[in-house]
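Colleague: Okay, here's what each chain looks like letter by letter:
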Amino acid sequence: MNRTLPILTILIAILVIWYAAAIPMNAPWQNILNGRAGLENVPFTEFAAQTWAQDKPVLPAPHQVASEIWNATIALDITSRRSLAYHGWITLSATLLGFGFGTALGVVLAVAIIHNDASDRSLMPWIIASQTIPILAVAPMVVVGLGAVGLTGLVPKALISMYLSFFPVVVGMVKGLRSPEAIQLDLMRTYDANGWQLFWKLRWPAAMPFLFASMKVGIAISLIGAVVAELSNASGGGLGVRLLTGSYNGQTIQIWAALFLAAGLAAVLVAIVGGAERWANGRMGVRA
Amino acid sequence: MKSLTPLQQVLALAGGIAALAGLAFSLTSLSEAPLLALFFALGGLSLLRLAVPLGLWLDGGLAVLGAVALIAALPGGVMPGHYWLALVSAWAFAWLFVERLSAAIRAGQLPETGTGLLIPVIFGLALLVVWEVVTRGANVPPVLLPPPSSIGARLAAETNILWADFVQTFIKSVLPGYAIGCLAGLLVAIAVDRSPFLKAGLLPIGNFMSALPIIGIAPIMVMWFGFDWQSKAAVVVAMTFFPMLVNSVAGLNAASSMERDLMETYAASYWQTLMKLRLPAAGPFIFNALKINSTLALIGAIVAEFFGTPVVGMGFRISTGVGRLAIDLVWAEIAVAAVAGSAFYGVIALIERGVTFWHPSVRGGRA
Numbered sequence: 015m016n017r018t019l020p021i022l023t024i025l026i027a028i029l030v031i032w033y034a035a036a037i038p039m040n041a042p043w044q045n046i047l048n049g050r051a052g053l054e055n056v057p058f059t060e061f062a063a064q065t066w067a068q069d070k071p072v073l074p075a076p077h078q079v080a081s082e083i084w085n086a087t088i089a090l091d092i093t094s095r096r097s098l099a100y101h102g103w104i105t106l107s108a109t110l111l112g113f114g115f116g117t118a119l120g121v122v123l124a125v126a127i128i129h130n131d132a133s134d135r136s137l138m139p140w141i142i143a144s145q146t147i148p149i150l151a152v153a154p155m156v157v158v159g160l161g162a163v164g165l166t167g168l169v170p171k172a173l174i175s176m177y178l179s180f181f182p183v184v185v186g187m188v189k190g191l192r193s194p195e196a197i198q199l200d201l202m203r204t205y206d207a208n209g210w211q212l213f214w215k216l217r218w219p220a221a222m223p224f225l226f227a228s229m230k231v232g233i234a235i236s237l238i239g240a241v242v243a244e245l246s247n248a249s250g251g252g253l254g255v256r257l258l259t260g261s262y263n264g265q266t267i268q269i270w271a272a273l274f275l276a277a278g279l280a281a282v283l284v285a286i287v288g289g290a291e292r293w294a295n296g297r298m299g300v301r302a
Numbered sequence: 041m042k043s044l045t046p047l048q049q050v051l052a053l054a055g056g057i058a059a060l061a062g063l064a065f066s067l068t069s070l071s072e073a074p075l076l077a078l079f080f081a082l083g084g085l086s087l088l089r090l091a092v093p094l095g096l097w098l099d100g101g102l103a104v105l106g107a108v109a110l111i112a113a114l115p116g117g118v119m120p121g122h123y124w125l126a127l128v129s130a131w132a133f134a135w136l137f138v139e140r141l142s143a144a145i146r147a148g149q150l151p152e153t154g155t156g157l158l159i160p161v162i163f164g165l166a167l168l169v170v171w172e173v174v175t176r177g178a179n180v181p182p183v184l185l186p187p188p189s190s191i192g193a194r195l196a197a198e199t200n201i202l203w204a205d206f207v208q209t210f211i212k213s214v215l216p217g218y219a220i221g222c223l224a225g226l227l228v229a230i231a232v233d234r235s236p237f238l239k240a241g242l243l244p245i246g247n248f249m250s251a252l253p254i255i256g257i258a259p260i261m262v263m264w265f266g267f268d269w270q271s272k273a274a275v276v277v278a279m280t281f282f283p284m285l286v287n288s289v290a291g292l293n294a295a296s297s298m299e300r301d302l303m304e305t306y307a308a309s310y311w312q313t314l315m316k317l318r319l320p321a322a323g324p325f326i327f328n329a330l331k332i333n334s335t336l337a338l339i340g341a342i343v344a345e346f347f348g349t350p351v352v353g354m355g356f357r358i359s360t361g362v363g364r365l366a367i368d369l370v371w372a373e374i375a376v377a378a379v380a381g382s383a384f385y386g387v388i389a390l391i392e393r394g395v396t397f398w399h400p401s402v403r404g405g406r407a
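Residue numbers (my numbering), protein chains in the order written: chain A, 15 to 302; chain B, 41 to 407.
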């Protein structure tokens, strides 16, 4: 079935509901404003337009968020500290570094787990348990702690991202590296393949679909980790800092703009991993 | 030595040689830590396995002796060099023990239940011992990383505060938010399921939304619902809704068309088909979402408390604890959160075993 039409319909419905919801949510404050200005019996259409144009609305209208994003990215100098592009780049670099660390760590752990019985039994339960520690919640503490030993800036944030993103990679890669069937392993044995050949020519290619699926999850979580890690260090910049300062100053439009930029960034990153997946699949002869 | 794999040989040699070296370095101070001296001597003696094979329980005993001796002998200041050798040696023996244990289980010499559980427990205990020894032995400032013993002491001393935080965050914010979010996701999925058009439009958007940093809406929710638990519950609702929606929609499609045809030949109504076939068939998917959401909900509530909260709650305690440098209290809070999260997950998994007992993944004895 063609998917464009249903998706577009839902998106338009969301926009309509959003505009409609902005009217009652911003109405109390607008009534106060109008009362101060001595305006009475404002016609509904004008009142609605007023609620969509407040400075610090409870719920900003979509076009306000869009214009804030435009003003804060394209219209501003990119090195300005008020530029969302500047903050987005800070978050993006921490995300990518953490994602790289996390994927590497996840693959190494998965290889250790499938080749060593003891590490399978001892590591796997603790890797699962490690994810019940709310690292997102303690991320600010970790950042402060690492700052005390002189690790500041990009690396602490990347470590938080790493902690979050290695988990899906481990789980997916263990499953993937174990996915070759007994009949395939037997065939490799009839070829007299050694351990390395078994790994590089059978297990590793077989694990690729699992790796890419995990990486799509992992890169999205990496971004969340980077944003949350930024909450503790307001001087470092980043989208998380924009969220926090916006929250303290009641700048709702700024919060929504940072939020949408983060969402867009996550979508683009996931799409890039998806593109890499298609490329790798093509090289491996898979027909999409 | 014949019966050991190459890795096990390396570990055995490392443990024995480190113990011998430790003995050599501590000759002048043997009387200060007699237990440690005993461990060094026995560890060195274990090198005799080059001639006589040793039982695997001896390695386990050596590891325990090393850990106990180290913790008992820890000095107030920085550890002397041979203590580090003892740590290396004890770690090597513990690793060797685990390696041989799992090899024995694999060979069928030891039962899977019981001993299989022992291995992760040993790993966890070994981590705690290394943490304790390194933080105290290397004089790591408690502000950076407190040793487990002081975290445990804080845990025991501050039960009142920890309990109040637990009630505020878990009982008041997480549970209602989790229930509302999961229920709403399920109901919307059932409603959407009736319209292929809506399903086609909503599913990609739902998938997209569950990958986004929804946690970022926390400041917005605080503005809308105030500082108390309502705003945290709202964040939890938003975070748990989309995974549940996506999984339930996929689950409602799990019943095969043949099964649906059978229901039709029974003249079953839509609701009968839904209640008796499709919802039970969707069970594994729904429980998958419930499990994902159980940890997600706790994280969401704690992070949301960073954006404003009354003076109670786990997130509040963590953020103020960092500010006041009461890091052991923060770690006690983390321990509570980890235990609560694991227990929550465990309860859901148990319910899953009872409800979806028919599913292959449960029948195999693993859930």
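Derived from the structure by calculation, the hints contain no laboratory data.
Warning: the hint list may mix true and false statements.
Claimed, not checked - Simulated pairs of lysine-lysine, BS3-like, Cα-Cα distance not exceeding 27 angstroms:
1. Lys230(A) x Lys189(A)
2. Lys230(A) x Lys212(B)
3. Lys316(B) x Lys212(B)
4. Lys230(A) x Lys316(B)
5. Lys331(B) x Lys189(A)
To be verified - Which chain B residues stay away from chain A? Per the calculated CB distances, all over 12 angstroms, these:
6. Thr45
7. Ala61
8. Leu243
Just so you know, even glycine gets a beta-carbon here, dropped at the ideal spot from N, CA and C.
Colleague: Evaluate each hint against the coordinates.
Modeller: Okay, the hints, checked on the actual structure:
1. For the proposed pair Lys230(A) and Lys189(A), the alpha carbon gap of about 16 angstroms is at most 27 angstroms, so the pair holds.
2. The suggested pairing of Lys230(A) with Lys212(B) is violated, with an alpha-carbon distance near 33 angstroms, which exceeds 27 angstroms.
3. Between Lys316(B) and Lys212(B) the alpha-carbon distance is near 34 angstroms, which puts this suggested pair outside the 27 angstroms criterion.
4. For a cut-off of 27 angstroms, the pair hint linking Lys230(A) to Lys316(B) is broken: about 36 angstroms separates their Cα positions.
5. A hinted pair counts as satisfied when its Cα atoms are at most 27 angstroms apart, and Lys331(B) with Lys189(A) qualifies at roughly 19 angstroms.
6. Not every beta carbon of chain A lies more than 12 angstroms from that of Thr45(B), the smallest distance being close to 10 angstroms; the non-interface claim is violated.
7. Listed as a non-interface residue, Ala61(B) keeps its Cβ farther than 12 angstroms from every Cβ of chain A; the least gap is roughly 25 angstroms.
8. Its closest Cβ contact with chain A, about 9 angstroms, brings Leu243(B) to no more than 12 angstroms, contrary to its assignment away from the interface.
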